[in-house]
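K.L.:
Protein chains in written order, with my numbering: chain G, 1 to 507; chain W, 1 to 334.
No lab work stands behind these hints: they were computed from the structure. The beta carbon of each residue, even a glycine, is placed where N, CA and C say it ideally should be. Wrong hints could be hidden among the right ones.
[Stated by the list, open to error] Only part of the chain W face toward chain G is listed, based on derived beta-carbon distances under 7 Å:
1. Arg-201
2. Gly-202
3. Val-203
4. Ala-210
5. Ala-213
6. Ser-214
7. Leu-215
8. Glu-216
9. Tyr-220
10. Ser-221
11. Asn-222
[Said to hold, decoys possible] Capping the alpha-carbon separation at 25 Å, the derived lysine to aspartate or glutamate pairs in DMTMM-like fashion look like this:
12. G:Lys-199 <-> G:Glu-181
13. G:Lys-204 <-> G:Glu-150
14. W:Lys-278 <-> G:Asp-335
15. G:Lys-306 <-> G:Glu-275
16. W:Lys-278 <-> G:Asp-140
17. G:Lys-278 <-> G:Asp-479
18. G:Lys-390 <-> W:Glu-196
19. G:Lys-390 <-> G:Asp-215
20. G:Lys-337 <-> W:Glu-216
21. G:Lys-337 <-> G:Asp-374
22. W:Lys-278 <-> G:Glu-92
23. G:Lys-390 <-> W:Glu-216
24. W:Lys-278 <-> G:Glu-87
25. G:Lys-199 <-> G:Asp-335
26. G:Lys-390 <-> G:Asp-379
27. G:Lys-337 <-> G:Asp-381
28. G:Lys-204 <-> G:Glu-234
29. G:Lys-160 <-> G:Asp-140
30. G:Lys-160 <-> G:Glu-77
31. G:Lys-306 <-> W:Glu-216
32. G:Lys-278 <-> G:Asp-411
33. G:Lys-390 <-> G:Asp-374
34. G:Lys-278 <-> G:Asp-461
[Said to hold, decoys possible] Listed next, with one range per pair, are the computed distances between beta-carbon atoms:
35. G:Gln-189 <-> W:Glu-135: 47 to 57 Å
36. W:Ile-325 <-> G:Gln-231: 50 to 60 Å
37. W:Ile-325 <-> G:Ser-58: 25 to 35 Å
38. W:Val-318 <-> G:Ser-326: 38 to 48 Å
39. G:Asp-438 <-> W:Leu-26: 51 to 61 Å
40. G:Glu-105 <-> W:Gly-317: 30 to 40 Å
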Amino acid sequence: MTPFLALDNVSKSFGPIEVLHGISLQLRAGEVHALIGENGAGKSTTMKILAGYQPATSGAIRLEGQAIAFPTMRAAEERGIVMIHQEFNLAEPLTVEQNMFLGRELRRGPFLRRAEMARQTRTQLDRVRCRAETDALVRDLSNSDKQMLEIAKALSREAKLLIMDEPTAVLTPNETEILFEQVRELRAQGAAVLFTSHKLDEVKAIADRVTIMRDGRVVHSGPASEMTEHQMAEAMVGRELSDLYPDRAVQASGAVVLRVRDLDVPGHASGIGLELHKGEILGIAGMVGSGRTEAMEGLCGLRPAKGHVEIDGQAVTIRRPSDALSRGLCYLTEDRKTRGLLLGKSMRENVTLQAIPRTAGVMIDRAAEEAVLDRAIADFDIRAGARSVKAGNLSGGNQQKLLLAKVMQSDPRILIVDEPTRGIDIGTKQQIYRFLRDLAGQGLSVIVVSSEMQELIGLCDRVMVMREGRITGQVTGQDINERAIVRLAMGLAEAETSPRREDAYHD
Amino acid sequence: MTDTAATAPARPSRRLPPMSVLGPVLALIILIAVGAMLNPNFLSYANISNVLSRSAFIGIIAVGMTFVITAGGLDLSVGSMAAFIAGLMILVMNAALPSLGVGLPVILLGIATALVAGLVAGLINGLLITRAGIEAFIVTLGAMGIYRSLVTWLADGGTLSLAFELRTFYRPVYYGGIMGVSWPIIVFIAVVILGEIFMSRGVFGRHVAATGASLEVAHYSNVNTNRVRLITYVVLGLLVGVATIMYVPRLGSASSTTGLLWELEAIAAVIIGGTVLKGGFGRVWGTVIGVLILSLIENILNLTDLVSPYLNGAVQGVIIILAVILQREGKTGK
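With the rest of the complex left out, here is chain G (with noise of 0.2 Å):
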């Protein structure tokens, strides 16, 4: 059978640099089509050729077995191939409703169809189980309700082939199964799919075929029954794999040096209370806007809170995140885009910004900068290319790492990382764990917010669940599984280990 759309033996320059060396692929009708790679091997720059955002320098692309050359990416769309992007590509100050309808609005003469639209695009939302009003503005919307409607967006233009960007980055577990549930009705009515995802278990769960990509080139291509996660993950990273998860110190016991009670962070959380001791790995889990991410800000004076919060047994009052970090506690944000670093700024500019090294009280030291740039580099392994790149040209992976190099120049002793490795690769990820690990060992006290179940599984020492803006409860060492956490999340079973429960059912 014909490939709907191929590639074959496809190279990629940038000015001098080639970044992809001869890359060959086949799509199928009916066949889902996994993508996998570290960060940098080349897959956005795959997609971005299928889809005639960006030209191919050298090598054929076939579609129906017809070498073509989609001038521009309307053009390939009007073939049938849509792709989603890592990055919205809404429009944030118009309506759903508006942006389901951008470009090809419905019209009567020169007016527009409103009702019809409304219409229309309730069903589409529908269809993925999307609850946003057809009249919310976009900028109202979360992430997944955002990704959702890009992804009943791409389904109301019949594609022939769609491509996702990491369509899962941003979804809770719920959400990723009905957008798996539509992918499989895509491929029963004869569409191909490819996506990326660094969740292997999605790739083993719904890929027919997966490709893997290592520093540019396809390493491997073939059925995804035939390989095991733990085979895929050794040849995305070209080695063998030790275990993901760094060995957990001996049981902390150490000292309580963060207790919070009564935190409340209006509209967002409430009677969240909470122990952190020295040395420990504290996960908090829960689902996308069960308010982990603001009741953490909240506490670090990132947004306005109310609460007691002690810091080895002193109370403190935190209002603004100088607050914080003068003592010793501090936040990485999940949002590593528009909250963590300046895109366009270099790499000096952003490891610095949250404690910059002055002379006089009031002047930059630019040697000390450097000098920590340059220990950033090597401690946390990041890799520029040129140390002069703007933060913005990093892979997802670097731009974690610099994140991270940029907290620690604030020398915390509580610190609390927001989804620490979303959107990154499984070599990536292995060196932040140990290095969260490596803290805690140092007597370090840290807190993980992530919607990675095996994460924190894998991580932490003990793991609180949030629901709907409270604490339902915690599980320790042992007990920490999945269908523990996900009962809480769901709220399906009532706090059995908490030793504080008091805290999470306060009046």
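Take the given structure of chain G and dock chain W to it, following the hints.
P.N.:
Leaving out everything else, chain W in the frame of chain G:
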């Protein structure tokens, strides 16, 4: 994409600076060359001194504007603020003249009035923008109208004039100087040096650029963005006060046309100098070049009869647009 290679520890090699740096400097050199060719008096001490003294007012304000724009803000009120402060200064000095007599105390009182008025005006703009959360464009557009009409009202539609004796005493602040360099130029140079140091080497400048690049990232990085933005407006207000102190002795009067369109000239100078209008990147030395380019164009048109001086605005407009186009090309060609 270049993920596979580890970061080289070596410092980047020195190459020719990009067009965004070279452009304004080249434009200034070309202008000077053209001026010198067209009129032998162009490079004379008298002409250069005159051009620089007259640019000093806009220049001092433009340095403050560089900080405001770099932090992602804008201030349209500086021209009418200068007029209002000038009027206020004259009224206060005239009122104090009978009791204090002609002498340094009156002048110091006038200077204090200008500085305090500038600081308060900047503070009001800044507080409305950062605390009340109103768009800078709206706040300063409103302030622009308010100050303009206040000065007209104070002058009763006419002109406020400094008492004659005082004017003679105050004159040297504009016309005098040390070693042939007039006071406005000296103050301008001082403001530029301080501004450049704080912008490029200071923690404050880094915070200003971070705030303008992304309010959110700056907030999450422990930068007090409201305070940073407030300070930029206060500093600008203060510098408007300083500029007015230099300006009043020149004519000794203020009217509804004082400082007209200064805000646009200052903004234009900042943009020509390579500061990004939407914030995130700014350079004070560029602003100085922008100010010089604008005043040299005017000066050259006045000295030669090649193009009518009435077309000054048109030539400046072309230069502004051209400057931005050149810089944009310099940025995309990475």
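K.L.:
List in ascending order the numbers of the hints, as given earlier, that are violated by the structure.
P.N.:
Numbers 7, 29 and 38 - these are the hints that the structure violates, sorted from lowest upward.
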